[in-house]
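K.L.:
Going line by line, the protein sequences match chains E and Y. Just so we're aligned: the first sequence equals residues 1 to 967 in this note's numbering. Just so we're aligned: the second sequence equals residues 1 to 695 in this note's numbering.
Heads up, some of the hints might be wrong.
Below are the EDC-like pairs computed for lysine to aspartate or glutamate, each with C-alpha atoms no more than 16 Å apart in a straight line [what the hints assert, rightly or not]: (1) Y/K665 <-> E/E883; (2) Y/K371 <-> Y/D458; (3) E/K413 <-> Y/D611; (4) E/K659 <-> E/E800; (5) Y/K665 <-> E/E429; (6) E/K416 <-> Y/D611; (7) E/K962 <-> E/E883; (8) Y/K542 <-> Y/E326; (9) E/K13 <-> Y/E407; (10) E/K740 <-> E/D769; (11) E/K194 <-> E/E226; (12) Y/K406 <-> E/E15; (13) E/K333 <-> E/E290; (14) E/K885 <-> E/E855; (15) E/K333 <-> E/D348; (16) E/K959 <-> E/E855; (17) E/K13 <-> Y/E408; (18) E/K931 <-> E/D964; (19) Y/K565 <-> Y/E304; (20) E/K413 <-> Y/E407; (21) Y/K333 <-> Y/D165; (22) E/K793 <-> E/E763; (23) E/K371 <-> E/E290; (24) E/K331 <-> E/D312; (25) E/K311 <-> E/E15; (26) E/K48 <-> E/D70; (27) E/K310 <-> E/E739; (28) E/K13 <-> Y/E426; (29) E/K482 <-> E/E472; (30) Y/K419 <-> E/E290; (31) Y/K419 <-> E/D682; (32) Y/K592 <-> Y/D572; (33) E/K148 <-> E/E175.
Label-pair distances were calculated between CB atoms; the ranges are [said to hold, decoys possible]: (34) Y/D389 <-> E/S37: 56 to 62 Å; (35) Y/G640 <-> E/S37: 53 to 59 Å; (36) E/K311 <-> Y/K433: 56 to 62 Å; (37) Y/Y428 <-> E/D34: 39 to 45 Å; (38) Y/Q386 <-> E/E274: 39 to 45 Å; (39) E/E274 <-> Y/Y428: 56 to 62 Å; (40) Y/Q635 <-> E/R684: 17 to 23 Å.
These aren't lab readings, by the way, just hints derived from the structure by calculation. The structure displayed is predicted, hence computed values, not measured ones. We put the CB at the ideal spot given by N, CA and C, even for glycine.
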Amino acid sequence: MRGNTICRSLSVKHENFKTCAQSGFCKRNRDYADHASSLSSSWDSPYKLDSSSIKFSNGVLSGTLLKTIDTTTAETVRLPLIITFLESGTARITIDEERRQTGEIELRHDSKARKERYNEAEKWAIVGGMQLSSGAAVSRDAEAGSTKVVYGPGSTFEAVIFHAPFGVEFERGGETQIKFNEKGYMNVEHWRPKIEKPIEEKKEGEDATSEEVAKEIGEDESTWWEESFGGNTDSKPRGPESVGIDVTFPGYEHVYGIAEHTGPLSLKQTRGGEGNFNEPYRLYNSDVFEYELDSPMTLYGSIPFMQAHKKDSTVGIFWLNAAETWIDIVKAKVSANPLSLGIGGHTDTQTHWFSESGLIDVFVFLGPTPKDVVRSYSELTGYTQLPQQFAIGYHQCRWNYVTDEDVRDVDRKFDKHLIPYDVIWLDIEYTEGKKYFTWDPLTFPDPLGMQKQLDAHDRKLVAIIDPHIKNEGGYSVVDELKSKDLAVHNKDDTIYEGWCWPGSSYWIDCFSPSARKWWAGLFQYAKFPSSAPNLFIWNDMNEPSVFNGPETTMPKDNLHHGHWEHRDVHNINGMTLINATYEALLSRNKAEEKSLRRPFVLTRSFYSGSQRLGAMWTGDNQASWDHLAASVGMILSMGISGFPFAGADVGGFFGNPSKELLTRWYQAGAFYPFFRGHAHIDTRRREPYLAGAPYTEIITQALRLRYSLLPAWYTAFYQASTSGTPIVQPNYYVHPGDEKGLAVDDQLYLGNTGLLAKPVTSEGAESVDIYLADAETYYDYFDFTTYQGPGTKTIPAPLEKIPILMQGGHIVPRRERPRRSSGLMKFDPFTLVVVLGNSGDAEGELYLDDGESFEYEAGAYIHRKFAYSGPTSTLSSEDLSIEGKKTKQYLQTMMDVRVEKIIIIGAPESWKIKSEVGVSEEGTNKSTPVKKAALSWHAASGGKAAWAVVRNPAVAIGKGWKVDFAS
Amino acid sequence: MNIASCPASTKEILLARGSSAEWLRQRTLATPDANRTSPADQKHVGVPSLDITRHYASFASQTKAYDELYGWVPSGRVSHDAVLGTDGRILLRSSGLSLKRKLCMWKRLAATTWLDDFPSSNATFKMKRVVSLLCFNYAASVYAAGGEGSRPRGVGPEFAKFYKDAVTFSCITNLSVNIPVGRVNDDYCDCPDGSDEPGTSACAHLSPLSPHTPVDQSHTGHNISLALPGFYCKNKGHTPTYVPFTSVNDGICDYELCCDGSEEWDHVGGVKCEDICQQIGKEFRKLDEARQKSLGDAGRKRKELVAEAGRLRKEVEDRLMTLGTEIEGSELKVKQLEGELAEVERREKGKVVRSAVQKVGKMGALVGLAKQRTQELRETLERVRQERDSSRSRLEELESVLSTFKEEYNPNFNDEGVKRAVRAWEDYAARDKGPEPDAAHDRDLNAITQSDKENGIDWDEYEGEEDSDTDVCKSYSLYAFENYLPASLRGWVDQKLRDLRVTLIDSGILADTGSSSGESKAVADAQQRLNSARNDLDNSRKSLTEHKEGLDKDFGPDDIFRALKGQCISTDSGEYTYEFCFMDKTTQKPKKGGGHTNMGNFVRIERIMVDEDLPPNGKGLGTGERIAMKHENGQHCWNGPNRATTVILGCAEEGEIWKIMEEEKCVYRMEVGTPAVCEALGQAVPKKADGRDEL
């Protein structure tokens, strides 16, 4: 676990952000929960499912929930319920409000806002997996007052819907996994007219009944009709409208997810107590300046997806709501039942979710493995983009490279020092007066020349483009934005003006299709002057960050396209921008439309689904050891939250890192899926070549290590893009049955390569403890020292060493020739590292394509499985690809790319006398004699494993082949 | 942003823009060939063009980089001699170059030719760029002396001897490792020093810059290093160079180093790098000639500067001589005047001048002084109190401003300065504020500042009291008898008495009352003459010290900056004009008007190591030790330190600011060309920057 002390002098301004008590609906829902809890079993949740309304057909159960709002008159509010069972085994519970659906409500202040509850979140977040279950069926053996639906793979899943009070329990294999509204915290704040009550009347007690009721259930009306914070008043034209429900995971002690926060991977309790948080986890995308560590405070992005895990079982839920959301977590210890002998106590994790507006719309995943849950979630919200190859190389950024000559100079210096990098970045200062789509004519007189120099070594430029558009006369972008009316509106439905980097600005409303279309047009080469094909885009400040807005963002009563209030869509807002930018980058002129290249967009703000569009980073961190340590857990959390293309600013954004910290950060960064060095404008320059001996050399080794492992990284990205697998994986994900390692969040596995890295995150460290979950043999990556799992092992970690172990049983592809950029490695040969495990077998994968186009979709790729079999002593390459119309052509271009070296770690003693192996390749005539390749074997010594090398088997990487060690 | 790069010449920018636009057109309009054999080809489509604003590394800096980065330390078998070779030296000598000329032999050149001009622009010719070539003269000599032979690909002539055996190859620095000759250049790395792969990239990872495993170290267990400096490009028609192994067969034509394109012999991804050495070589020689001429001119200018500095120095030395003589004279004069003054004073001491001042009693005088002093103190105390009150209220106002500032500032503007101010304020606010204003204390002050009468002091009681017992009166009685003597005798007695008095005073028997009560004009005049002479002497001495210091001051080698002191050069960059005045200061002036910003005052001359690429026009620092001028304590920077500038000097024909960079917040670096640092040939000679330069 990381330390939680942070430097007093650098810390977030808490007063700029709401606590739960300052957020009206948060307080109301917490109070409601407290009230229900205090009444315990005598609490009667006012939500009942009208049994007569229940219908089931084609995997969809529908009905109407009745919320009793006046016990004396039995007045109810009708809440349509839909429970959808999907073919994938995922279930979905949706609860709406009938009166809002039909528009029979009145808005205050003559608001133009929509009357419905926001129901378009799925339009942005959901892209697949919605096929209805054909096998789901209502079971007959339901107990009275409940309905049971059997669904899922092999009909092993069950949803039991209780009618009164309303609740749902999900079971897998006869065991209850998730319970909805078990605690009775369900709360749908129905629409009601504001009744202006003269104070005198109240005093006379005429309204005593309703007031008492209100008081009784802890309702506090003070925040129903308006709410002020930081000098801004929210007019709340629809009054109170929050939704909430409790979700209990019985027997589950660990919950993960709901990124993005700084705390530990295994989420903490939020209702106080020793070591716990006092505030719920908050999801309200915000530009949090100098954010603090170990905190449930909100950050730049929101993924309302949570997994619960216990030994050998994982389940999860996805709360599809884009409004401000808070989540309370309580872990209730249930003591052993004295009557059930042999069964010990366990822990139930009780979560309580509530959002300011919108629907209750929850997807339920029943696992049973972490992989299943993440895949099911990713199937809905989309898999991570398969990025261009360059995007997983090293990115060099700084706020700011101040001139085009400065950029060229940095580019040359990397080459001079033989340090690889792929991308150099420009922050806001390249623009003329913070007007995006312009270049400062004095400092960037020749942007094309600059981009061309970068292209000479196949490098790219990424420039920042933010959603705030400077309000300045004569700036064509703002002129068009205004004349076409494509900006976000204020509550009066006129253009909203706020402050950001350029000063007075307007914000493009990317919820609007015409705004997105216009935005795409701005990126056309003809429109964005001096932009070249090797220019890609960084979207920052898209929470949106508004310097003079409440909580540094937009007023909630602002209006977006379709007259949705900002409150309804806030957490999705950032995603709409990168969506528009992604579309814009697909083709920037007619010629490109014929041969699309994969866009690259970096975003700071995100929501479920953003993973389809680009990469994210953890925002403005600090140059301190604790921030380095925190980055590992944060990135792991992004990985299991379906958005694995994540990184933290290497070196730390604010402040100046010591050379040791910088070096260690590069070593850690080499294991970030998104690997970018970045620094604040007031910091000293810290490009790797400036560090001096021995730091520059050590940093270069880390960078070259990253580049040599790019085939493994790219393969991990491919797997993420097809199955949602995290690119770097926490211990519990890899070893779901290992109860001891469920909270480990300071070490990471790279894809399924078996490479286990433990970044050094403390000053002066000479060694680290690394946790091994299983009984497999692990080998030090650099010197082959063996470590036998399970248990915690201490491994040496002097400054020049990154602690990395290779788990036995894997085959890792590498490209060892150092080049200037990843693009120049395209035709380099491969080295395969076969790491023999306890079983004597090993296997691994390689995915390869052109690294830039979409032709892989037409089969232009290589996908091999390498398998070493102990019993037969053979290593073979098998094809995993599916032939498409571009397959042959691609294979032709890769024909000469070979395997130049095979390293076998843990090679058997019996090879001592061997000097060659047999090599056969597919497509050669059977009568052709088998080729021979030299083998050299090296004995184990001093705790280091024996190893062997096959010299230049020269088999094509794209072909099937076999190396026979027995012959 | 208050700093911008120093743009290249207008012509260059125009050219570069033209070429960029062309490049973009090609990149964006070209429809990819549907039947292309490699995706890499796509990028190569388009007319390659020349980017002459690119800066090119000198061969020397490259090889130096190898030494450092590959840890290539030539062993006994591969010495510098072996690299250079005797023939090389002879050749160099025979070419009539001086030793110095050989030493600083970076030759910089850009071939400024469009690829279209080359005869080989056929359809498959898909080079990305034509660039320029930098070379190193001695390499040319080595090449000339080496002879072709039948060396394996990528082997330089100085290493040819290691590749002569027709059967077995022994790794150069690991003789025990023998491999069949067939494994040389088979694109598989066998030697732990990489010497078996002089012509491929197979051993490129054998460098301290790469991570390593026992597989790389199996034969040695030592640090990994390459035996060869790189892939040898013959560059026939131009000068041979070594290309980093990392650049061999990577699909990029590295024409900066390898104009014959031989490093892309494997044509990976379909790349074909035509030999453009004839063209490049021709351009090189043309440019080099111009540069040599320019350097010659620069050398002459430097000579002039040295002469001028010598003249200035001579001036100072002459002045020092003059001053010495002047001082001697002045000293004598002072001595003489001192004597005169003493005599005058002696004479005047006898005269008793009755004080014009009405004497009051000692007590009376004391009371008068005390009263005056008390009054002064009271007034001062009152003034200090007022000032205190005013400061206190200003402090309160300031503290409230800062408290509000802390509450209301917007942290999202990410302004480090504001953050620092807030933190400093927090620290300040947290500190012990010292004693609170104390009412009792103030009451005391009130009481103290009341009038003396109210405090019970009546000065009048003490004023005006005569004190009868004084020395002055005694002396009066001594003289009383003279009134009874005849006038003539009176004069004599008076004189004698005077002498006696002087004697008594001189011997300390009688108190000297005369000096305090006023001097005679004679004494005053003598004193004035003496003072004037002393002043003259002091000034001369000061001047002497200054000139001596000036003479001892570091004006750089050959005293050369003496000739440039106070001279200024300036350049426009971005929205500012930057000015550098030798031995004085650096300044930033906004073009739009407004105040100048001092970027630092000259403090000293230093020597620093630089490692910069040289642009084709030679206007750059190159690699090695250079003279730098440190400027510190310029205008304070909001959010930062006092501005400081390091001006690094490179050889140029004319004084010229090449480049300005803000290395850190408000810490600037200027690269400046001046003939002052051209030694013999061109750049200041690197002292130990590059071992081979010494040869």
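K.L.:
Give a verdict on every hint.
P.N.:
These are the hints, each one checked on the structure:
Taking the CA atoms of Y/K665 and E/E883, the gap is near 56 Å; set against the 16 Å cutoff, the hint is violated. A distance of roughly 10 Å separates the Cα atoms of Y/K371 and Y/D458; the hinted pair therefore holds under the 16 Å criterion. About 10 Å separates the Cα atoms of E/K413 and Y/D611, which keeps this hinted pair within 16 Å; it holds. A threshold of 16 Å between alpha carbons decides the hint, and for E/K659 with E/E800 the separation of about 12 Å falls inside it, so the pair holds.
With a C-alpha separation of about 15 Å, the suggested pairing of Y/K665 with E/E429 holds against the 16 Å cut-off. With a CA separation close to 9 Å, the supplied pair E/K416 and Y/D611 stays within the 16 Å bound. As the CA atoms of E/K962 and E/E883 are separated by approximately 21 Å, the hinted pair breaks the 16 Å bound. Under the criterion of a C-alpha separation no larger than 16 Å, the hint pairing Y/K542 with Y/E326 is consistent with the structure, at around 12 Å.
Restraint check for E/K13 and Y/E407: the C-alpha separation of about 9 Å stays at or below 16 Å, so the hint holds. Under the criterion of a C-alpha separation no larger than 16 Å, the hint pairing E/K740 with E/D769 is consistent with the structure, at around 15 Å. Note on E/K194 and E/E226: the hinted pairing holds, with a Cα-Cα distance of about 11 Å set against a maximum of 16 Å. Restraint check: the Cα-Cα separation between Y/K406 and E/E15 comes to about 11 Å, which is no more than 16 Å; the hinted pair holds.
Distance check on the hinted pair: E/K333 and E/E290 sit about 36 Å apart at the alpha-carbon level, beyond 16 Å; violated. Between E/K885 and E/E855, the direct Cα distance comes to roughly 9 Å. Compliance with the 16 Å bound is thereby established for this hinted pair. At roughly 6 Å between alpha-carbon atoms, E/K333 and E/D348 fall within 16 Å of each other, so this suggested pair holds. With a C-alpha separation of about 19 Å, the suggested pairing of E/K959 with E/E855 is violated against the 16 Å cut-off.
About 11 Å separates the Cα atoms of E/K13 and Y/E408, which keeps this hinted pair within 16 Å; it holds. The suggested pairing of E/K931 with E/D964 holds, with an alpha-carbon distance near 10 Å, which does not exceed 16 Å. Straight-line distance between C-alpha atoms of Y/K565 and Y/E304 comes to about 15 Å, which keeps the hinted pair within the 16 Å bound. Simply put, E/K413 and Y/E407 have alpha-carbon atoms about 44 Å apart, too far for the 16 Å limit, and the pair is violated.
Straight-line distance between C-alpha atoms of Y/K333 and Y/D165 comes to about 92 Å, which puts the hinted pair past the 16 Å bound. Between the alpha carbons of E/K793 and E/E763 the distance comes to roughly 20 Å, so the proposed pair goes past 16 Å and is violated. A distance of roughly 34 Å separates the Cα atoms of E/K371 and E/E290; the hinted pair therefore is violated under the 16 Å criterion. For the hint pairing E/K331 with E/D312, the CA-to-CA distance comes to about 19 Å; that exceeds 16 Å, so the pair is violated.
Proximity of E/K311 to E/E15 is assessed by CA-CA distance (about 41 Å); at most 16 Å being required, the pair is judged violated. Pair hint E/K48 plus E/D70 holds up; C-alpha atoms about 14 Å apart against a cutoff of 16 Å. This hinted pair checks out: E/K310 and E/E739 have alpha carbons roughly 7 Å apart, not beyond 16 Å. Using a Cα cut-off of 16 Å, the hinted pair E/K13 and Y/E426 holds, with the two alpha carbons roughly 13 Å apart.
Note on E/K482 and E/E472: the hinted pairing holds, with a Cα-Cα distance of about 11 Å set against a maximum of 16 Å. In summary, the hint linking Y/K419 to E/E290 is supported, as the alpha carbons are separated by about 10 Å, within the 16 Å threshold. Restraint check for Y/K419 and E/D682: satisfied, since their Cα atoms lie roughly 11 Å apart, inside the 16 Å limit. Between Y/K592 and Y/D572 the alpha-carbon distance is near 12 Å, which keeps this suggested pair within the 16 Å criterion.
For the hint linking E/K148 to E/E175, the alpha-carbon distance of about 14 Å falls within 16 Å, and the restraint holds. Distance hint check for Y/D389 and E/S37: the Cβ-Cβ separation is about 60 Å, which falls inside the suggested range of 56 to 62 Å. The supplied range of 53 to 59 Å is met by Y/G640 and E/S37, whose beta-carbon atoms lie about 55 Å from each other. Under the hint 56 to 62 Å, the C-beta atoms of E/K311 and Y/K433, about 59 Å apart, fit the expected range.
In this structure the hint that Y/Y428 and E/D34 lie 39 to 45 Å apart at CB holds, the actual value being about 42 Å. For the hinted restraint 39 to 45 Å between Y/Q386 and E/E274, the CB-CB distance of approximately 58 Å leaves it violated. In this structure the supplied range 56 to 62 Å is violated for E/E274 paired with Y/Y428, their Cβ-Cβ distance being about 35 Å. The hinted window of 17 to 23 Å between Y/Q635 and E/R684 holds, with their beta carbons roughly 20 Å apart.
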